[in-house]
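Participant: Let the sequences and hints guide you as you build the complete structure.
The listed protein sequences correspond, in order, to chains A and B. Quick note on the working numbering: the first sequence kicks off at 1 and runs consecutively. Quick note on the working numbering: the second sequence kicks off at 114 and runs consecutively.
No lab work stands behind these hints, which were simulated from the structure alone. Don't take each hint at face value.
What the hints assert, rightly or not - Facing chain B, from chain A, some residues (calculated, C-beta under 7 Å): (1) Gly40; (2) Pro101; (3) Asp106.
What the hints assert, rightly or not - Some chain B residues judged to face chain A by a derived CB distance under 8 Å, without partners named: (4) Lys115; (5) Ser145; (6) Phe147; (7) Tyr152; (8) Lys155; (9) Ser156; (10) Pro157; (11) Ser162; (12) Ile163; (13) Ser165; (14) Leu201; (15) Thr210; (16) Tyr211; (17) Gly216.
Beta carbons: idealized from backbone N, C-alpha and C, even for Gly.
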Amino acid sequence: EPEVTQTPSHQVTQMGQEVILRCVPISNHLYFYWYRQILGQKVEFLVSFYNNEISEKSEIFDDQFSVERPDGSNFTLKIRSTKLEDSAMYFCASSGQGGQPQHFGDGTRLSIL
Amino acid sequence: QKEVEQNSGPLSVPEGAIASLNCTYSDRGSQSFFWYRQYSGKSPELIMSIYSNGDKEDGRFTAQLNKASQYVSLLIRDSQPSDSATYLCAVRSRSGTYKYIFGTGTRLKVLA
Numbered sequence: 001e002p003e004v005t006q007t008p009s010h011q012v013t014q015m016g017q018e019v020i021l022r023c024v025p026i027s028n029h030l031y032f033y034w035y036r037q038i039l040g041q042k043v044e045f046l047v048s049f050y051n052n053e054i055s056e057k058s059e060i061f062d063d064q065f066s067v068e069r070p071d072g073s074n075f076t077l078k079i080r081s082t083k084l085e086d087s088a089m090y091f092c093a094s095s096g097q098g099g100q101p102q103h104f105g106d107g108t109r110l111s112i113l
Numbered sequence: 114q115k116e117v118e119q120n121s122g123p124l125s126v127p128e129g130a131i132a133s134l135n136c137t138y139s140d141r142g143s144q145s146f147f148w149y150r151q152y153s154g155k156s157p158e159l160i161m162s163i164y165s166n167g168d169k170e171d172g173r174f175t176a177q178l179n180k181a182s183q184y185v186s187l188l189i190r191d192s193q194p195s196d197s198a199t200y201l202c203a204v205r206s207r208s209g210t211y212k213y214i215f216g217t218g219t220r221l222k223v224l225a
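Facilitator: What follows is the structure, given as structure tokens:
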């Protein structure tokens, strides 16, 4: 069964550094999402992306965050200057159409020191 | 603020019993509802989606939706120890968005 793949599985970064989290959505999917889950808390929406542009973003997704689809397969989340509170599990998801169920990758655990 | 509420549990059931998980949501116009299973430290795994009032069955799982009462439930029949996980309710609202709003999840423990 097709999967969403994310790399790296764990990223450790010093506060203030830039990080890029990578995702390869399911190949024929058109809608892409990033969510995050702080340890012990609920999964929170960050951003949705369709047709090479952001379609929606949450208040968490401030100017420090950006997303990109640099080629036909990858979807990336960049955090420009990481803060301690950015430590979380970041999940990429994709769906075939906007209303179809979203399928999640295994996540990247981001630890900010 | 649109909310999705779940009892955090843990909900403990003996092996072979029916586990009943409930979720309520605040946005009356919500259109799509999903149940995900999340093992500790892992990603959410889609179990069921439901869009219309009534029941939807898939193997040992039945999702129930009541839009008038704004709740959605998940029944797991013949519960197995491998079903022990956190079950997340996710709701897509009507507002032209495809984002999911998740509940905090209910931790299920199936006792052998």
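Participant: It remains to establish, for every hint, whether it holds in the given structure.
Facilitator: Structure-based check of all given hints:
1. Of the supplied interface hints, the one on A/Gly40 is violated, with its beta-carbon coming no nearer than about 9 Å to a beta-carbon of chain B, more than 7 Å.
2. The closest approach between the C-beta of A/Pro101 and any C-beta of chain B is roughly 5 Å, which is under the 7 Å cut-off, so the hint is satisfied.
3. Because the smallest distance between the Cβ of A/Asp106 and any Cβ of chain B comes to about 5 Å, under 7 Å, the interface hint for this residue holds.
4. Given the 8 Å rule on beta carbons, the hint for B/Lys115 is violated: about 11 Å separates it from the nearest Cβ of chain A.
5. The restraint placing B/Ser145 at the interface with chain A holds, with a minimum CB-CB distance near 6 Å, inside the 8 Å limit.
6. Interface hint at B/Phe147: satisfied, since its Cβ lies 6 Å from the closest Cβ of chain A, which is below the 8 Å cut-off.
7. The beta carbon of B/Tyr152 is not positioned within 8 Å of any beta carbon in chain A (closest approach about 11 Å), and the interface hint is therefore violated.
8. Interface restraint check: B/Lys155 against chain A, minimum CB-CB distance 7 Å, threshold 8 Å, status holds.
9. Taken as an interface hint, B/Ser156 checks out: its beta carbon lies about 4 Å from the nearest beta carbon of chain A, inside 8 Å.
10. Interface hint status for B/Pro157: upheld, as the beta-carbon distance to the closest one in chain A is roughly 5 Å, under 8 Å.
11. A cut of 8 Å between beta carbons decides the hint on B/Ser162: the least distance to chain A is about 5 Å, and the hint holds.
12. For B/Ile163, the shortest C-beta to C-beta distance to chain A is roughly 10 Å, which exceeds 8 Å, and the interface hint is violated.
13. Annotation: B/Ser165 was flagged as interfacial toward chain A, and the flag is violated, the nearest CB pair being 13 Å apart, outside 8 Å.
14. Taking 8 Å as the C-beta cut-off, the interface hint given for B/Leu201 holds, the closest approach to chain A being about 7 Å.
15. Nearest Cβ of chain A to the Cβ of B/Thr210: about 5 Å, under the 8 Å cut. The hint holds.
16. Annotation: B/Tyr211 was flagged as interfacial toward chain A, and the flag holds, the nearest CB pair being 4 Å apart, inside 8 Å.
17. Taking 8 Å as the C-beta cut-off, the interface hint given for B/Gly216 holds, the closest approach to chain A being about 7 Å.
In the structure shown, a violation is registered for the earlier hints numbered 1, 4, 7, 12, 13, in ascending order.
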